[in-house]
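These protein sequence lines are chains A and B, in that order.
Per my numbering, the very first residue in the first sequence carries number 95; after that it's consecutive.
Per my numbering, the very first residue in the second sequence carries number -12; after that it's consecutive.
Here are the simulated BS3-like pairs of lysine-lysine, each with C-alpha atoms no more than 27 Å apart in a straight line:
{"hint": "1", "chain 1": "A", "residue 1": "Lys270", "chain 2": "B", "residue 2": "Lys280"}
{"hint": "2", "chain 1": "A", "residue 1": "Lys167", "chain 2": "B", "residue 2": "Lys310"}
{"hint": "3", "chain 1": "B", "residue 1": "Lys157", "chain 2": "B", "residue 2": "Lys69"}
{"hint": "4", "chain 1": "A", "residue 1": "Lys317", "chain 2": "A", "residue 2": "Lys240"}
{"hint": "5", "chain 1": "A", "residue 1": "Lys232", "chain 2": "A", "residue 2": "Lys317"}
{"hint": "6", "chain 1": "B", "residue 1": "Lys280", "chain 2": "B", "residue 2": "Lys(-5)"}
{"hint": "7", "chain 1": "A", "residue 1": "Lys265", "chain 2": "B", "residue 2": "Lys228"}
{"hint": "8", "chain 1": "A", "residue 1": "Lys211", "chain 2": "A", "residue 2": "Lys270"}
{"hint": "9", "chain 1": "B", "residue 1": "Lys(-5)", "chain 2": "B", "residue 2": "Lys69"}
Keep in mind the hints are simulated off the structure, nothing from the lab.
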Amino acid sequence: MQPLTDIKPGFSIYYLSEHAITLEFGHDISEDMLWQVSNFNTLINQVPFAGFITSVPAYSTLSIFYDPIQVIKAEELPGQDCFDKVSNYLRQLKSYSDTESPSSNDVIIIPTCYGGKYGEDLDEVAALHQLSADEVIKLHSEAIYKVYMIGFVPGFAYLGGMSAQLATPRKPTPRKTIPPGSVGIAGQQTGIYPLATPGGWQLIGRTPLPLFDATRTQPAFLKAGDQVTFTPIDPYQFEHYRH
Amino acid sequence: MMRIRIIKPGILSTIQDLGRNHYLSQAVPVSGAMDTLSARIANIAIGNNDNASVIEFTYADAEFMTETDMLIAYAGDGAILKAGELIIPAEKSVFIPAYTSIQLVNNPTGSRTYLAVAGGWDVPEVLGSRSTFITASMGGFEGRNLRAGDTLSSKEAVNPTTAILFSLLKSENITYPAWSIARRMFLPTDTKRIRVVPAHEFSWFHGLAIVNFLSLPYTLSMNSNRMGYQLDGEPITRIIKNDLLSTAVTPGTIQVTGNGSMVMLMADCQTTGGYPRIAQVAAVDLPLCGQLKSGDTIYFEDISHQNAEMLYLEREEELQQLKDAIRQKYL
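Looking at chain B on its own, in the form it has when it is part of the complex (with noise of 0.2 Å):
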């Protein structure tokens, strides 16, 4: 068992896995990373599970104690781990001794970074998810965001990738391997492009609406949170002015207001709309959408759904090929 105090939490910090998808019908949102990539990447690097619980931390000014040895991986692009003047490297596993200090020190390439520790943090799962949804107060550590003081538990099970690889690297000092996961490798060159596909009311939105949209830049206003971004820029006017009756929407739906303004879904979302919906960001670029911070100017370039979904099976593959090297190397 491994385990960190926390000293200082940060603006948002909670316990986040893959998500709770099992109970989208009572209106349970799905939770879980913003961005999963980068979630899955820091428990892929220490050979957990990829749905294993990681601390997702918001922005930087976080700090936390290790109160015993630690296996750890974290990813993403939020904040830079120091031990004092040590940076330590992002996207591979890291041994660190206990009663050493980490700070989260600021990166301004985006919002959010995901510790993973060996074996997932040890909170109890909540239908079917140990992701926190702060709303209903549930799941996660307690229901709620991090505070100083906190102490978080690793499990005590472990898979046999992640125990040869403590044993390996357990020594006094900070210590890691060569080798990292480039998690550029996944990304585009473009982190700013985000593709989507087109929703099932997009024929519903004016000509020259839909060539704003994909065209113009649109910007996330200080409005956006876990649940969703609200996208400041031309609004997207309509031709068909139906009601549209409420139904399933899903984290990466951008819906249309009242007014034309955009609303980008996220983790937290509900799961049910109303407001018509021009577009639905393809599950590949889901990811970048979570590194995004108010003030972030992005372009949409839209894809068929039939494309949307070689791209991720490809992801998917990749992914199942990163996590394969990584056990035979150590077995």
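Bound conformation, chain A alone (with noise of 0.2 Å):
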């Protein structure tokens, strides 16, 4: 990780939608970005303004929505209209957030099955690079992954950090459905699919984890910004994972 006083934030600010706007921190996929989006994302909310609804991290931006009615009348506000009282409150917000201390370093487990059933793709991926399976296992359960943004579906989390010997185009043809749990490799990126839907990426295992529960308080497991590793299991420990 990179001493944290080197960073320093910076936004540009743009309309989303009469309900939304957009903070963006740049144009690339890095570690110091997500840094930047989840440490502002951490600011607003612990210091929202009155009518903030939420935030929605991404690569390299922040989206904060609000509700226009009670944005408008807030005074406290100062700007012509919506848009300008949310930005400008954004805005004096940045000049606090270099202080800001990263979030836990914390490393979540995610106990995976590779291969088989649970991980059709296992061979394919490993044979295209010339790898054994278990060579493919070793480098993807090794790494320890970062949360860059949860997206596409509920709870569906878009890990960085894979090694890029396991780079893996998409599958040519999507599959119609997906199991739940099942984690898969698409360009440099790994993920694992909280729902049954339907996906293009190569699947290589499958966690028991139930990656997203509504009845939760927190329906998603992951969040933008947690730090993942995968430990392999067997058939047995994914079969009686439950019990």
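With the hints in hand, could you dock these two chains into one complex?
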């Protein structure tokens, strides 16, 4: 990790809708960018303005959703209209963000059964890179990943930090349905499908962890900024995980 | 408590409210009524809170039976409600006695109709909303579309205005007051001209493509649903061919896909997207889009984001006045 003092947060602001604006911190996928976005996200949730609803972090942007009725009535927010009022508030917040501490360094473990019916594309991925299946599992499970973004479907985490040796293009034809918990690779990224959905990622394994559960207070198991690692388990452990 | 039984569910009938706004960062879509204006007007007409859950019927060919005396209101352009030969008027409070069979018959004007009941339909709140999101089997009635045989009850607690309306209208027959809410009052004369605000990647597109976008007709393809509408028409070409990193999108966002075709995102859309965005539908015109159906032709007209916000605030002010007026009438 880089020394935090080297990072100078800065962003531009653009209109997204009458209910939202987006802060753009840059144009790349990097740990710096992730840090800036996560840091500002923590800050805005700690000191929200009147009418703040929620924030959506992505690779290099943070979108802020609000209720225009409450914002326009908020006399403490200077500005002509809601867009101005919210922009002004966020710009003045920026000056404090340098001193914020980063999120926790805990690493979340994802037990994963690789290959076979749990990861039907494992052999194909291995063959493509002239590796054995075990080497793929080793490379995939020894890395520590960062959650860059939750998107696509509820609880789907885009993870960065995969070994470049495993980078694999998407499948030419997406599968119609993918079992929940499937761990996939697409390009430089790896991710976990929380729900049964269609998808084009190469599937190398599957976790028994429920990644999304609407009955929990935090329904998504992972959030942007989290650190994650995969631990291989065998089919017996997978099948008996819930018991 | 009031109750209906679904006899014929129609093509897609779900419970919706004004959406699930607090879990976007976990990629839980907003969902909610596609035409929020009609859903709110149906609620306001019976003294409900705007956000009370309603049934969203898609097109007609649906039927339900009242199992108790009911106070309902409906609004939208997908169907007309009839009890036998009797047309039930829209956009006003209506008393319907128990064991009346109600049919939804075709209204070619639009696609969706909202049925509000005194107190709202009683389904559990999931992540702060009663809206159905079928992909994740979440919310609404058991996380799914309504089926024949389902019985739906209303919540016990109702607003004072609703209670007064019910006792005033209660009789042996279908009864309604003389007044109704003119939804037309909130709509522009040309409901197929959609106002949009240029989006962040607007300048990525060719000048001629922008001219086309703002002057030529675009048609909703068959590939249109609650997640979004594919728009057929002159392709939108790009000058800047950069990749866009996935970032937050929202209902009303118009994305341009790789082959130059446009997709207008709707209620159940993903929370993030990686296609460049040409425009954002003005919040006041998004309900109009919720009534579109495959084959409909629309035009786009650009306005500034300041103008769009002003129109939104004016609309909300008018709706507030309407709510106050109805409340005062009955208290």
